[in-house]
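Participant: As they're listed, the protein sequences go chains A and B.
Take the first sequence: its position 124, counting from 1, is numbered 123 in numbering that gives the first Met the number 0, and each next residue is one higher.
Take the second sequence: its position 271, counting from 1, is numbered 270 in numbering that gives the first Met the number 0, and each next residue is one higher.
Check the hints yourself; a few may be wrong.
With a straight-line Cα cutoff of 16 Å, these simulated EDC-like cross-link-like pairs (lysine to aspartate or glutamate) come out [what the hints assert, rightly or not]:
#, chain 1, residue 1, chain 2, residue 2
1, A, LYS317, B, ASP35
2, A, LYS135, A, ASP161
3, B, LYS305, B, GLU117
4, A, LYS135, A, GLU84
5, B, LYS317, A, ASP35
6, A, LYS317, A, GLU361
Listing some non-contacts, in silico: residues in chain A with all C-beta distances to chain B over 10 Å [unchecked claim]:
#, residue
7, PRO29
8, ASP83
9, GLU117
10, PRO132
11, GLU326
12, GLY336
13, ALA372
14, ARG385
Simulated from the structure, these hints should not be mistaken for lab results.
Quick reminder that beta carbons are idealized off the backbone N, C-alpha and C, glycines included.
2 protein chains.
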Amino acid sequence: MSAINPPERLLMGPGPSTVPARVLRALGAPTVGHLDPYYLELMDETRGFLRTLFRTTNDMTLAVSGTGSAGMEASVVNLVERGDEVIVAIAGVFGGRMVDVASRAGATVHTIEAPWGETIEPAQVRDAFESHPAAKWLGIVHAETSTGAHQPLEEISRITHDAGALLLVDAVTSLGGVDLRVDDWAIDACYSGTQKCLSCPPGLSPLTFSPAALEAMDRRTTPVASWYLDVSMLRQYWGEARVYHHTAPINMTYALHEAARAVIEEGLDACHARHRFHHRALRAGLEAIGLEYIPSRSLPVLNAIKVPAGIDEAAVRKGLLSRHGIEIGAGLGPFKGVAWRVGLMGHTARERNVLTFLAALETELGCVSRDFAAGRAISAAAAVYRDGDSA
Amino acid sequence: MSAINPPERLLMGPGPSTVPARVLRALGAPTVGHLDPYYLELMDETRGFLRTLFRTTNDMTLAVSGTGSAGMEASVVNLVERGDEVIVAIAGVFGGRMVDVASRAGATVHTIEAPWGETIEPAQVRDAFESHPAAKWLGIVHAETSTGAHQPLEEISRITHDAGALLLVDAVTSLGGVDLRVDDWAIDACYSGTQKCLSCPPGLSPLTFSPAALEAMDRRTTPVASWYLDVSMLRQYWGEARVYHHTAPINMTYALHEAARAVIEEGLDACHARHRFHHRALRAGLEAIGLEYIPSRSLPVLNAIKVPAGIDEAAVRKGLLSRHGIEIGAGLGPFKGVAWRVGLMGHTARERNVLTFLAALETELGCVSRDFAAGRAISAAAAVYRDGDSA
């Protein structure tokens, strides 16, 4: 029974990312009531910040009182009535999860698939709507955390709307890290998590719904399966009526407010550019020692790389954690044992972290393989940093 | 766009309660990964603490990644398949909420009702099971936050089990504040919140299931409506398998661990006695100035009192908040405008807070009613404190 005293970690896995001190300080500020005038003002300001991050004017923008998966469930269950047809694109764990969530809510789910590490092609979406013209929405993952693949959305959005359907997007790993334009790309439901590119601890899920999505909810003839995630009630709590629904995670809202404020201070475009720049340096370093990226369209924020033949991937991860305090992610599903997932999300995406990780990785690889010559990764990354962002 | 800087509040409403500095410090400790060995150990220790608080040996004891209402939803949806009959007791907001949650999950809900402020009589439960012998469980609220009524459970538990049904108990406002014995009272599903008598910020819901409840889940032939709250998957994440399900709210677990540790250090019996003692002083003070308690069986931790005739209840609450920084609760539903709810939960249940509140209340009542003579409440409370806990 000892007091909380966590080890010092550099979080370079698939999330959570390293949380900056200013966000931890906000998190630990004294709790006020969930109906306190101060908290109500904070909710409003947080909604405004989330609109900026999502690049939307959607009134219905808020933070769900749960982690990213609760945001997925909120998006799906509010837009499904028993017997509805929907289309879900699967190219990793999170597309598969969406199928499960939608099926439990009573949807008939048609799927489009791409191999793990690849992205969905617009033609696949077109074909799916031709086969299933009654589909109410298409669900797709913008940044597939399990594979590191970066899914383009603009053409898919046009096809979806041409088919008269709504577009539901998982932006858990993209919000704040890569370009995401809810209004310009006509996304109707979009959810994220706090612990990825916003560098806030996990516990809330930013969520936005377009007016068209709300109209679809208003047309429902049966109640939403989940009371906790029923948007018709959440709207009244987060809106002007302030109708008590549940007690929001007050201190988590403090932290999200501060984390969003930090991103907005930096500027969304600058923040995306910073992620791309440090990804270039990381990639140069990894490729210099022969490591290969798996996805053909890699996210800057999540780098899925092949474990070299003959290397005990778990031993390397364990060495990074226990000797260097650096967390990176293992592969899931078909990537188990064959991939590492290296996150450069939010506050983690900095020069010092890229160099620390590459140096530690070279050292670990040198430990497990005697003929590995350390220094090449740092040399390649250093060249990127020497030439700078504008190169 | 300013930094988080909440006003200083003494939280004496229906929750959240005032969070002690040690819990805020734990909350703001650096975030580690949700699969970090440190965090996994912390989850195990937290489960052990929750077993102590619930007075249970149930293996399936954990914290749901959402607030108390998510715990209610988790308890209900895992124990409901479409068409199941259940019985729910309603004597306030939260019994009503349980009906809503169970109906959405597809249950046929039979209800037992008691007037607001009263408790359910065992005979009502016996009658309900005679009328509905197929009912799978009885759901009942131990401490009704909307009315301050304290529901006895032992006889009701016997009747429920004699009828071959399971007992599902809402302990959101009782855990840590009043006697609650999950094993002795044979409760099959019990959930709580963190922001009441544990004095931790809101964001998690302690939950425990008996082996009989797990067997009922194992007999399901259809999936649980909610993916996020599906206990068959949560068991694997919190259990030895550590199968990734969702990213737990890591820092909230820090805070819950510390809050539970504080209660266990004090001792559960001592903690309950402290709540009763300060309730006696508060009650003596309130009754000395003619205020009346609404419930015949009042909780020590939540004091629902009638607003005296001719008093503008909102003006008094507003005065307490703006001039004294003290939050108390308004009435909900039929109690709106006619009741105040004064919480003495967890860290809030201390002599200084009782006296501060009574002094501030007397001052406010003196402001709104010129013929009100202040000082009598303090005098009566002071007498209780003079005679001490053993009197």
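Participant: Now tell me, hint by hint, if it's right for this structure.
Facilitator: Hint check:
no.: 1; hint: A:LYS317 <-> B:ASP35; verdict: holds (10 Å)
no.: 2; hint: A:LYS135 <-> A:ASP161; verdict: holds (12 Å)
no.: 3; hint: B:LYS305 <-> B:GLU117; verdict: holds (14 Å)
no.: 4; hint: A:LYS135 <-> A:GLU84; verdict: holds (6 Å)
no.: 5; hint: B:LYS317 <-> A:ASP35; verdict: holds (10 Å)
no.: 6; hint: A:LYS317 <-> A:GLU361; verdict: holds (14 Å)
no.: 7; hint: PRO29; verdict: violated (5 Å)
no.: 8; hint: ASP83; verdict: holds (15 Å)
no.: 9; hint: GLU117; verdict: holds (22 Å)
no.: 10; hint: PRO132; verdict: holds (27 Å)
no.: 11; hint: GLU326; verdict: violated (5 Å)
no.: 12; hint: GLY336; verdict: holds (15 Å)
no.: 13; hint: ALA372; verdict: holds (30 Å)
no.: 14; hint: ARG385; verdict: holds (32 Å)
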